[in-house]
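Now for the letters of each chain:
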Amino acid sequence: MDARAIAELLVRCQNGDKAAWDILVDAYWQRLFGYALRATSNPELAQDLVQETFLRIVQRLGAYDDQGKFEAWLFRILVNLVRDHGRSLARHPTQSTVIDSDGDRVEMTDELAGKVPAPFDPLHRQEEVDSLQVALRKLPEGDRQILLLRHFADMPFKDIARTLNCPIGTVLARAHRALGKLRSLMEVTHDPAEFD
Amino acid sequence: MTRLNLTNASLLDISGELGSAAQEQLHEHLDAKPDAQAEYNVLAAQYAVLRSLPKPEVSDALKAGMTARIKAAIHAHLDFQARGKRALQRARLIHYALAGLSAAAAVAVVTAGLVLLNSHHQKSSNTSVAHVNRVIDRLAPYDSAPATYDEAIDDVDSSVRQLQAEESSVSGAQTQEMTPLLEVLASLPANPTVDGGVDELEVPQGGM
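Chains W and G, in that order, give the protein sequences.
Read in our numbering, the first sequence has 61 at position 61, and its numbers run on one by one without any break.
Read in our numbering, the second sequence has 205 at position 205, and its numbers run on one by one without any break.
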């Protein structure tokens, strides 16, 4: 959806047009969900956070002045919600429910969340995917956000820079550093010497 | 091309975000610099690790359920907002109506007060006029009576004028009668003691 189409859609949304809101949800929910799911490893929580993101947009769109930065604004809200939730979990670890690859509900602690197979991944390459998930979780939060936004939200680096409010040079440098660290973590994980 | 620019440009190229002109320039540079090409290849391999992460595959049922849930929540929120707006409009309307009524009531009270004040003023004015009229009516019989006081004043006035005229004639007569006496006095010597006159006035003793 190009900038002009988004701008027109947002005007309709500001006027309370429900059909326009449906189009907006259809246009963005999957990318938002992709990011939220990988960031939280919890599909139910990811759904809640995506819904909360849209509801915050509904509340604040009246005062929003579109300058072609809607997407960055939308994802910034989600990124902040995910971050706030992460902080909340860090303060108050609780039990949470996830659905495993067989479709069963599994009660798990948040500390173990990264070790549970993601429910929407294909079963093949599961081990590699798990290793990547673990490696991603070991990255600093800011670096992880950049990689998740780039890959799971399909967001270009310049939009990531807008979303995170930092220069594109910084984003690229952090992405470069994060990719290097990710690969080295993966190599350590797959190092046969580890299993001796 | 600086090292930082090379890394950034390589990353943008690998992620498919580099413009065609910059892309061409980058690959010319990489072809000419094997070290840069090697670094590019490392970066591409690192990025491939990220790309290897599968994106969530959401079933149609879950997709439908999830979007329906989000849309329903948005619609409910929009309805809530619309109800809130309508309630706010009603509240504003009531507020303005009450304000109008209050203003009208205030005007009515002030008008009534002015009317009462005016009628009271008029009533007291009428009472005063009636009172004055009654006094005038009471004085009316005296209007045709002779003005005795004026006559008395005129009499006094004429008497005063007459007395004044008499006084001036009396003083003129006195002056005429005194003139010989004054002449005699003037002819007397200035020092009576030199000419055997009386040194002292003899004052009779006793008998008082």
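Treat the hints as calculated values from the structure; they're not laboratory data.
A hint or two may mislead.
[Said to hold, decoys possible] The calculated DSS-like cross-link candidates involving lysine-lysine, where the alpha carbons are at most 27 Å apart (straight line), are: (1) W:K18 to W:K69; (2) W:K69 to W:K138; (3) G:K55 to W:K158; (4) W:K18 to G:K85; (5) G:K63 to W:K18; (6) G:K85 to G:K71; (7) G:K55 to W:K181; (8) W:K18 to G:K33; (9) W:K158 to W:K138; (10) W:K69 to G:K55; (11) W:K181 to W:K138; (12) W:K181 to G:K33; (13) W:K181 to W:K158; (14) G:K55 to G:K71; (15) W:K69 to G:K33; (16) W:K138 to G:K55.
Here is what the structure says about each hint:
{"no.": "1", "hint": "W:K18 to W:K69", "verdict": "holds, 22 Å"}
{"no.": "2", "hint": "W:K69 to W:K138", "verdict": "violated, 31 Å"}
{"no.": "3", "hint": "G:K55 to W:K158", "verdict": "holds, 21 Å"}
{"no.": "4", "hint": "W:K18 to G:K85", "verdict": "holds, 16 Å"}
{"no.": "5", "hint": "G:K63 to W:K18", "verdict": "holds, 19 Å"}
{"no.": "6", "hint": "G:K85 to G:K71", "verdict": "holds, 21 Å"}
{"no.": "7", "hint": "G:K55 to W:K181", "verdict": "holds, 21 Å"}
{"no.": "8", "hint": "W:K18 to G:K33", "verdict": "violated, 56 Å"}
{"no.": "9", "hint": "W:K158 to W:K138", "verdict": "holds, 25 Å"}
{"no.": "10", "hint": "W:K69 to G:K55", "verdict": "holds, 25 Å"}
{"no.": "11", "hint": "W:K181 to W:K138", "verdict": "holds, 9 Å"}
{"no.": "12", "hint": "W:K181 to G:K33", "verdict": "holds, 25 Å"}
{"no.": "13", "hint": "W:K181 to W:K158", "verdict": "holds, 22 Å"}
{"no.": "14", "hint": "G:K55 to G:K71", "verdict": "holds, 23 Å"}
{"no.": "15", "hint": "W:K69 to G:K33", "verdict": "violated, 38 Å"}
{"no.": "16", "hint": "W:K138 to G:K55", "verdict": "holds, 20 Å"}
In summary, the structure is inconsistent with hints 2, 8, 15 from the numbered list given earlier, while agreeing with the others.
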